[in-house]
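Enquirer: In case you want the letters, here they are:
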Amino acid sequence: MSPQRIEGLPREMIALRVSREIKDGMYVNLGIGIPTLTSNWIEGKDVCLQAEVGMLKTGALANGDEADQDLINASCQAVTALAGSSYFDIAESFAMIRGGHIDIAVMGALQINARGDYAGWSNPTRGLFVGNVGGSMDLCAGAKKLIIAMEHTTKDGEYKIVNELSYPATAEGKVSLLITDLAVIEITPKGMVLKEMMAGLTAKDIQSVTEPKLIISPNLKEIEL
Amino acid sequence: MDKVLPSLEEAIADVKDGAVIAIPGFFACGVPRALLQALIRKGTKNLTLTCGCGPMLGAAQELKALTLAGQLKKVIDSYGLFRSASKGMADPFEQAIRAGKIELEVYPMGTMAEKYRAAGAGIPAFYTPTGVGSVMENIVNEITAKRTPKETKIIDGKKYVLEFALKPDFAFIHAKKADREGNLRYAKTARNFNHVIATAAKVTIVEAEEIVEPGEIDGDDVHTPGVYVKRIVKVERPKVAITID
Numbered sequence: 233m234s235p236q237r238i239e240g241l242p243r244e245m246i247a248l249r250v251s252r253e254i255k256d257g258m259y260v261n262l263g264i265g266i267p268t269l270t271s272n273w274i275e276g277k278d279v280c281l282q283a284e285v286g287m288l289k290t291g292a293l294a295n296g297d298e299a300d301q302d303l304i305n306a307s308c309q310a311v312t313a314l315a316g317s318s319y320f321d322i323a324e325s326f327a328m329i330r331g332g333h334i335d336i337a338v339m340g341a342l343q344i345n346a347r348g349d350y351a352g353w354s355n356p357t358r359g360l361f362v363g364n365v366g367g368s369m370d371l372c373a374g375a376k377k378l379i380i381a382m383e384h385t386t387k388d389g390e391y392k393i394v395n396e397l398s399y400p401a402t403a404e405g406k407v408s409l410l411i412t413d414l415a416v417i418e419i420t421p422k423g424m425v426l427k428e429m430m431a432g433l434t435a436k437d438i439q440s441v442t443e444p445k446l447i448i449s450p451n452l453k454e455i456e457l
Numbered sequence: 003m004d005k006v007l008p009s010l011e012e013a014i015a016d017v018k019d020g021a022v023i024a025i026p027g028f029f030a031c032g033v034p035r036a037l038l039q040a041l042i043r044k045g046t047k048n049l050t051l052t053c054g055c056g057p058m059l060g061a062a063q064e065l066k067a068l069t070l071a072g073q074l075k076k077v078i079d080s081y082g083l084f085r086s087a088s089k090g091m092a093d094p095f096e097q098a099i100r101a102g103k104i105e106l107e108v109y110p111m112g113t114m115a116e117k118y119r120a121a122g123a124g125i126p127a128f129y130t131p132t133g134v135g136s137v138m139e140n141i142v143n144e145i146t147a148k149r150t151p152k153e154t155k156i157i158d159g160k161k162y163v164l165e166f167a168l169k170p171d172f173a174f175i176h177a178k179k180a181d182r183e184g185n186l187r188y189a190k191t192a193r194n195f196n197h198v199i200a201t202a203a204k205v206t207i208v209e210a211e212e213i214v215e216p217g218e219i220d221g222d223d224v225h226t227p228g229v230y231v232k233r234i235v236k237v238e239r240p241k242v243a244i245t246i247d
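Chain order of the listed sequences is A and B. Count along the first sequence starting at 1, add 232, and that's the number in my numbering. Count along the second sequence starting at 1, add 2, and that's the number in my numbering.
Hints are not guaranteed to be accurate.
What the hints assert, rightly or not - Below, computed lysine-lysine pairings styled on BS3-like, alpha-carbon distance capped at 27 Å:
| no. | chain 1 | residue 1 | chain 2 | residue 2 |
| --- | --- | --- | --- | --- |
| 1 | B | 89 | A | 422 |
| 2 | A | 387 | B | 89 |
| 3 | A | 289 | B | 161 |
| 4 | A | 376 | B | 178 |
| 5 | A | 376 | B | 155 |
| 6 | B | 160 | A | 377 |
| 7 | A | 376 | B | 179 |
| 8 | A | 289 | B | 160 |
The set of hints was computed from the structure by calculation and includes no laboratory data.
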């Protein structure tokens, strides 16, 4: 039985809320999809974006003639370099990821549970037993903090925040913060704590689209944008 | 020690049916397209392509030609399927995987990188935290009967997966610049898997956009030292659409 879907914030606003977690001095990796949009909201911050392809200090997306086929981000978009950008080979890139040198990784997800397990690499509805894992599992293994940014439910209103994953896991127990179009939820040893929600909603509304029982923070407030 | 050959055909003359060939590139970026096209013209069959991050999605035309000509036995990659499920369904490569005609084996990207690095560095296997708590604790192949558990080990209270070095027969490399003795430079993010794959293979074959005399690449600027490189061919700079679907 599907819950009633609630219309939430646009994807750009999810990315804006993610950007609030990114502080000066951090090295950050942004995954494909909503996470990549976060790069639009960090201007003026002293932050360094890492792209798995082998680049530190990735600049803004390149426009038109600026685009260089030899200069892309991990989403295969043409990007620009900044003063102080560097390039390196892929083994070096993943050494810095697994080696614990990245402060925050932000990724999308298909499903997540209250233990911080999430699924994002393989969607069984495609009818295959394999999927595109990319660098997601390496980032889970090595980033100091893992944030999931996603829509709260599927387009059809099905739970994405579930008691048990039905899709293949990307990692177990690695997610510490979940930011959706409706809410900000912290994942703690006791379970999911609802910290922020979209203006005009109640905790009951959020619970209605969230399968695990939420712990309501005593400081519950509107999503800070 | 001049390693430059006049043609792609000569450079890949000893690539035989059943060869395992490593293909670098990150989606559209840094893919050895000219060597792939020569492989299509040669018609070599029963090939295994070991990749890293979707170079064959970047070289979609070449992938289609290799698939339709029945040249592929197996592909190993972290990102081997089109992003768009509907495009994938219509694509001959994905159809061949679904039909069991081509095998697709999947590893995390960092594990692919380290499998090549280990092979080039004489390390037979390594323990990695990547994939713990996922199905990657097994060999992950679309043919589920081929799924077998990988060895794991607890070190200082944390679980790790044993992964093995990957030593291809051949590496196809795309360099921005090569000197005649095989010192290579790559351009920006087109370096990606090129260097580590060049170190891993038994025979490394390079297509270079520019070939210069020894000394014209300063020793401090060499990305891949010539010891790893066997053959070099000059190619035109490819025209690349920066996109994946």
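Enquirer: Hint by hint, note whether the structure agrees.
Expert: Status of each hint after checking the structure:
Pair hint residue 89 of chain B plus residue 422 of chain A does not hold up; C-alpha atoms about 42 Å apart against a cutoff of 27 Å. Only pairs whose Cα atoms come within 27 Å are accepted, and residue 387 of chain A paired with residue 89 of chain B is accepted, the gap being roughly 20 Å. At roughly 32 Å between alpha-carbon atoms, residue 289 of chain A and residue 161 of chain B are farther apart than 27 Å, so this suggested pair is violated. A distance of roughly 35 Å separates the Cα atoms of residue 376 of chain A and residue 178 of chain B; the hinted pair therefore is violated under the 27 Å criterion.
About 22 Å separates the Cα atoms of residue 376 of chain A and residue 155 of chain B, which keeps this hinted pair within 27 Å; it holds. Taking the CA atoms of residue 160 of chain B and residue 377 of chain A, the gap is about 18 Å. The hint holds against a cut of 27 Å. With a C-alpha separation of about 37 Å, the suggested pair residue 376 of chain A and residue 179 of chain B falls outside the 27 Å cut-off, and the hint is violated. Of the supplied pair hints, the one linking residue 289 of chain A and residue 160 of chain B is violated, its CA atoms being roughly 31 Å apart against a limit of 27 Å.
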